[in-house]
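Asker: Counting in the working numbering, the final residue of the sequence shown is number 562, and the numbers go up one at a time with none missing.
Hints listed in this document are in silico derivations from the structure and should not be mistaken for laboratory results.
All C-beta atoms, glycine included, are put in the ideal place defined by N, C-alpha and C.
Errors might be hidden in some of the hints.
[Said to hold, decoys possible] Label pairs and their calculated CB-CB ranges: (1) E521 x D459: 28 to 38 Å; (2) H540 x K111: 40 to 50 Å; (3) G247 x D482: 27 to 37 Å; (4) P225 x A165: 14 to 24 Å; (5) G217 x I305: 32 to 42 Å; (6) S53 x L236: 16 to 26 Å.
[To be verified] Below, simulated DSS-like cross-link-like pairs (lysine-lysine); rule was C-alpha separation at most 30 Å, straight line: (7) K62 x K393; (8) K117 x K363; (9) K164 x K205; (10) K205 x K306.
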Amino acid sequence: MGPKTLYFLTNTRFLWGFTVALALLVYAVGMLVPVMEVDGGVYAEISREMYRSGNFLEIYLKGQDWLDKPHFQFWVTALTFNLMGYGTVTYKLPAVLFLLLGALYTFLFGKNFYNVKIGYLAALFLLTAQHIITSNSDVRAEPYLTGMTIFSLYYLAGYLRDKKAVQLIAGALGLAILLMTKGLFTIIPVASGLGLALIYERKWKEILHWQWLALIGMTFIFIAPTLWGYYRQFDLHPEKEIFGQHGVSGLKFFFWDSQWGRFANTGPIKGEGDPTFFLHTLLWAYMPWAFLAYFALFVKAKALIKKTDNRESYTFFGFAFMFVIFSVSRFQLPHYLNALFPLLSIITADGLYRYAKNARFLKAFYHIHLWSSVLLLILMVAIHYVFSDAFPKPDVYLVFLAGIFILTRLLTQQGQRFRKIIFIPAITILLVNYYINRSFYPQLLHYQSESEAAFYIKDHNLDAGKVVSLDEVEHTLSFYLDRIVPYIPPEEASYERLTGKYVYANDKGLNAMRQKNIPVEEVATFPDFHVTTLNGTFLHKKTRKEVLVMKYLLKVPAKPAD
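Using the sequences provided together with the hints, build the complete structure.
Answerer: This is the structure:
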């Protein structure tokens, strides 16, 4: 390998191409990971039932009315099933595409409101943030929110500058998609970003302009299908029992209980809050850029306070206001931050670019990013060592070999600290996530008994139409068997009801069958753990058995004819 080739491998253009290609590869292999319980399984099964029924106005889970999240994600996924077939990849594909759309609009926002270099940096920060990568393997609603938040802000901020009607229409469409994905709270980052920026700039005429009435009107027109669906499914049927109550309004739930009620802790789903939760969650969720993000937020806030920054402030106010709302709320989950990451990525890219020629800054963050990357790789090796005796798949070694070679060449290059600050952590986090998607998750999901039971049934050509679930609320079993698996409470189990069936059960269900003298044959046994709530006891292969529970696939012999 000659000097010209070695130089090319650390050329900025090559590094950008390699990093983006590696990111796309990580997202692609993440789509092969089985759907995870609980939330991912719920959304996948709802989408499957919508696809099979052809009823796009009403939402059902296991054949029962479901009132928690609005329609948009399920529409997109069901349509993807119709167009491209049904399965894991086609469930995840639209989410990944919406995230990539978010990366595109993050780039465009940075390019149009700052410069093209900030646009590229912001898009890279977004694509390589840890929780963004995770959310495109364990798909819920977040990739859709991430993409459409920056989409809406881009067009509405552009409208304030250019006054083009098409920008206002596009902004309204983006807001409508946010509303139809997860409710009213989703538009706050956009609304607060625009509103607080206009107040900060004292543009009172813009605040009181008729344009906002037009925006609201168009948004309501775009969300009309969801409103009609909720009204038809729930408001027209007060006799239905939802959340243990009759007369539940789908429209009221959409506008209040779903998100406002949750954050105010008055809805049917409640939580407990910690004001510092998102401050420390950001450290891993926005890894490897979290320390740079803290610095950039401080720099931006200081500049706004001193009024030394005359560039856009939509992203800062949108991020900061929603971050405070999340922090004071009593219902907090890490993935709430994802929709804010495009805004944070633009702020972070701007902060880095401002100090691109500051020697002290470059030295400090070079060491922070270098040693955090080294620690991350050590942590990955340590987790693999304690978690599994199996070797990673051959392609993991090949990808790591290429990545480590590029990193080594970059490290041995003289100077270029700005380049190293960007590409060392980006390539490292992508290598780690390639390992996670190709080696860690496939091994981890052997402990998700719902999907493992479905794969066993299909691999052994068992009759899926005879499968029932006894005392086990599952979703991925139904999703992968492509049918609603009937649920039977233990107290309702009987030989007559279970005869000739395959029964997916836990210990309680198995004991109930034995107590009722129902004959059973054990077909397969599956160790089980809630894989999205990992802990040290489970991760360590020597202590894992302490927290595993067993799930069973049983067969009840057909009752002899009288």
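Asker: Now tell me if each hint is right for this structure.
Answerer: Okay, the hints, checked on the actual structure:
Checked against the hint of 28 to 38 Å, the pair E521 and D459 fails, with Cβ atoms roughly 18 Å apart. The hinted window of 40 to 50 Å between H540 and K111 holds, with their beta carbons roughly 47 Å apart. For G247 and D482, the Cβ-Cβ distance of about 35 Å falls inside the hinted range of 27 to 37 Å, so the restraint holds. Between P225 and A165 the Cβ separation comes to about 23 Å, which falls inside the hinted range of 14 to 24 Å.
Checked against the hint of 32 to 42 Å, the C-beta distance between G217 and I305 comes to roughly 36 Å, which is consistent with it. In this structure the hint that S53 and L236 lie 16 to 26 Å apart at CB holds, the actual value being about 18 Å. Only pairs whose Cα atoms come within 30 Å are accepted, and K62 paired with K393 is rejected, the gap being roughly 36 Å. Restraint check: the Cα-Cα separation between K117 and K363 comes to about 21 Å, which is no more than 30 Å; the hinted pair holds.
Annotation: proposed proximity of K164 to K205 holds, straight-line Cα distance about 17 Å (limit 30 Å). Among the hinted pairs, K205 with K306 is consistent with the structure: their alpha-carbon atoms are about 24 Å apart, no more than 30 Å.
The structure does not agree with the numbered hints 1 and 7 stated previously, though it agrees with the rest.
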